[in-house]
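Going line by line, the protein sequences match chains A and B.
Each residue of the first sequence is one higher than the one before, starting from 1103 at the first, in the working numbering.
Each residue of the second sequence is one higher than the one before, starting from 65 at the first, in the working numbering.
Keep in mind that the hints are not guaranteed to be accurate.
[Said to hold, decoys possible] SDA-like, lysine to any residue: derived pairs with alpha carbons at most 25 Å apart:
#, chain 1, residue 1, chain 2, residue 2
1, B, Lys66, A, Ser1193
2, B, Lys155, B, Asn327
3, A, Lys1212, B, Ala400
4, B, Lys382, A, Leu1196
5, A, Lys1285, A, Ala1177
6, B, Lys397, A, Trp1178
7, B, Lys314, B, Phe325
8, A, Lys1189, B, Gln481
9, A, Lys1285, A, Ala1301
10, B, Lys382, A, Gln1242
11, B, Lys314, B, Met128
12, B, Lys397, A, Leu1170
13, B, Lys124, B, Arg324
14, B, Lys382, B, Arg73
15, A, Lys1189, B, Ser475
16, B, Lys397, A, Ala1173
17, B, Lys108, B, Leu344
18, B, Lys146, B, Thr260
19, A, Lys1212, B, Pro394
20, B, Lys397, A, Gln1255
21, B, Lys382, A, Arg1154
22, B, Lys66, A, Ser1195
[As the list claims (entries may be wrong)] With beta-carbon atoms standing in for the labels, derived distance ranges:
#, chain 1, residue 1, chain 2, residue 2, range
23, A, Gln1118, B, Glu380, 30 to 36 Å
24, A, Gly1241, B, Leu87, 38 to 44 Å
25, A, Pro1117, B, Leu368, 39 to 45 Å
26, A, Gln1255, B, Val361, 53 to 59 Å
27, A, Arg1299, B, Leu465, 44 to 50 Å
28, A, Asp1164, B, Gly360, 57 to 63 Å
29, B, Leu465, A, Glu1169, 30 to 36 Å
30, B, Leu368, A, Glu1169, 43 to 49 Å
31, B, Trp469, A, Phe1157, 30 to 36 Å
32, A, Thr1107, B, Glu380, 37 to 43 Å
33, A, Pro1117, B, Trp469, 26 to 32 Å
34, A, Pro1114, B, Leu465, 22 to 28 Å
If you're looking for bench data, these hints aren't it; they were derived computationally from the structure.
Because the structure is a prediction, the values reported are computed rather than measured.
Where is the CB? At the ideal position from N, CA and C, for every residue including glycine.
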Amino acid sequence: MIQSTGLQYRYPLGPQLQFPDVDVAQGAVLLLHGPSGCGKSTWLALAAGLIRPEFGTLTVADQPLQELRPAAVDAWRARTIGFLPQKLHLSASLTVSQNLAMAQWAAGQKQDLSRIREALMALDVAALADRKPGQLSGGQAQRVALARAVLLQPRVILADEPTASLDDETAAAAVQLLVQTAKRQHATLVIATHDARVAHCIPGGPSGEAGFGVLRLSRLAAPVGAA
Amino acid sequence: MKTLLFAWRFVWSRPASAALNVLLLSLGLASIGFLLLVGHQLNKAFDRDLAGIDLVVGAKGSPMQLILSGIFHMDVPPGNVKLSAVQALAKNPLVEQVIPLSLGDNLGGFRIVGTSHAYVQHYGVTLASGRLWDAPMQAVMGASVAKKLGLQVGTTFSGTHGLGAGGHDHGETRYTVVGVLAPSGSVLDRLILTDTASVWKIHDAHNAPYDHDDHDDHEVHGDGGTPVHASDAVRPADTREITMALLRYKTPLAAMSLPRFVNTTTDMQAAAPALEVSRLLHMLGLGTDVLRAFAGVLLLTAALSVFIALWSAVRERKGDLALLRMLGAPPTKVAALLLCEAVWLALIAAVAGLALAQLFTFLLAWGLQLDNSLLIAGTTWPVELWALPAMAIVVSIGAALLPAWGAYRVSVLELLQTR
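Sequences and hints are given; from them, build the entire structure.
Structure below.
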């Protein structure tokens, strides 16, 4: 569940960014839509607790972020947020399962090999556990990165441009995989994208009960200086 | 623990760069370690062999030569002195003890030293087997000598004239081995000890006027700059000679007057070992300072190389490091990862550097034929040597501080914003 009211952020040398309010139920999908440079990254960073809003409130997975002490944010993020970056950032020097182990290390958790195997199996990439990322296809790598994102069973999954540079077919498959995975985990899914195809790939259609909410950002309404 | 493991994997994700850094670091460390080891072993050898000897009295010449030949048995002695003069000196109230030394012959390059039991007692060396001599022509072998020449109690041998191998053989007068000393690490390890009278006996018999053939042989005498026969002809007891004497003072005050007394009123010279050795170390010191500076520059280069490697690693892996933050790692953890990479480099380099330093020392000892005398390769671990791993860690952590700070501050927003 994600709720925001009157959210505003200002970059040190940039203009004020204002974000429309959102209210997304736990387990639902939010499409963060808009052209590049409209503040999608900033919104993701706010939701992940990486930066603090200048004004407004933001509650993510029952946690009002403004009440979280700065020192506790990292641990909260480790527990709550799963992140799928656009460039997958799998470490080339580590095997697939070591990449996942690194996520457990980053979160300050004990290494749990059975959980890693489980996460890889859920995404059909368990057979690739001992390969290096350089030996994976694009689609396999994205599945591995998704496995890493959901490894710690987060309540919120943030996906940043998951369909960039993918053809229509693969893009649809990627979005469906994301939605299925989030549903299975009963996690709230936020997809930040400038890609119009994404909305058509999510089953149920916009604003329906089984569908997804859209937070439409535009460069004109909320100009971004630095981003 | 896990941090170290991941750091290890990241270090070796760029094997060429890691190997180069380890090589540079370990070369710098090895140079410093080598200087430390050699310095330490020289000091130890000097301290050990000098202990309790206040003054060396011998023929006039270079005081340094007297010390080197009389205490460390590394140089040839300047000449002989009259036994009667040394005996007179022994009666001086300032003198506690006199140990006579007579040089002149060797066995397989090991010096045969005519002396008294006091020499053995002075270094506190015990017998591994047999006993000390109680008559002339009985010999006690130093531990290294016995081992290298394979001589045991009961065997006999004849000395060779001169202090190096290859002189005239005194085949007709044979020594009998009566004892072998236990290894002590002192100069006695590489000496063959016998009674002072043995040396006289060999050379008296050798030079007897009726023994003409031998007399001709005796022309070999001056060979190799070793004019060191204890006696040149059959003489009455009061013209007997020894090569030098080691003195111990009765009171520290003797240091003020005794050397001057010997140097001005007798035909002998007195040299204070402490003084000469500090002069020697001072002369060596100029050389080691240059080497030390060189090693320092090498280490600095290594530090710079580590810095560059880690700095570019942070730049290359900025995205990966930012992702770690996104996955919930606090900034300290990301910085620690980088510091651990530096620590790994330091540890590998320290081990390699120590091994290289020991190897260099061994090669030097072996190359200069100083093995088992001044330098004991591979067997010493002076406390100072711990400075090496410490130095390695300090240098590479120092070089990693700025990159680690970069990793600490890595902006996750940038990760989100790079398209």
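>> Is 43 to 49 Å respected by the C-beta to C-beta distance linking Leu368 of chain B and Glu1169 of chain A?
In response: 47 Å, holds
>> What's the verdict on Lys397 of chain B and Leu1170 of chain A, does the C-alpha distance respect the 25 Å limit or exceed it?
In response: 20 Å, holds
> Given the hint that Lys108 of chain B pairs with Leu344 of chain B, does the C-alpha gap stay at or below 25 Å?
Replying inline: 14 Å, holds
>> A range of 57 to 63 Å was offered for this pair. Does it hold for the Cβ distance of Asp1164 of chain A and Gly360 of chain B?
In response: Holds: the Cβ-Cβ distance is about 59 Å, inside 57 to 63 Å.
> Could one say that the CB atoms of Gly1241 of chain A and Leu87 of chain B fall in the range 38 to 44 Å?
Replying inline: With a Cβ separation near 41 Å, Gly1241 of chain A and Leu87 of chain B satisfy 38 to 44 Å, so the hint holds.
>> Between the alpha carbons of Lys382 of chain B and Arg73 of chain B, is the straight-line distance 25 Å or under?
In response: 17 Å, holds
> Quick one, are Lys124 of chain B and Arg324 of chain B close enough, alpha carbons at most 25 Å?
Replying inline: Given pair Lys124 of chain B, Arg324 of chain B holds - Cα atoms ~13 Å apart, limit 25 Å.
> Does the Cβ pair Pro1117 of chain A, Trp469 of chain B satisfy 26 to 32 Å?
Replying inline: Since the Cβ atoms of Pro1117 of chain A and Trp469 of chain B sit about 30 Å apart, the hinted range of 26 to 32 Å holds.
> Taking 25 Å as the top limit, are the C-alpha atoms of Lys155 of chain B and Asn327 of chain B close enough?
Replying inline: Measuring from Cα to Cα gives roughly 17 Å; hence the hint holds.
>> Taking 30 to 36 Å as the stated bounds, is the beta-carbon spacing between Gln1118 of chain A and Glu380 of chain B within them?
In response: 35 Å, holds
> Taking 25 Å as the top limit, are the C-alpha atoms of Lys382 of chain B and Leu1196 of chain A close enough?
Replying inline: 16 Å, holds
> If you check the beta carbons of Pro1114 of chain A and Leu465 of chain B, does the distance land in 22 to 28 Å?
Replying inline: For Pro1114 of chain A and Leu465 of chain B the Cβ distance comes to about 26 Å; the hint holds.
In this structure, every one of the numbered hints holds.
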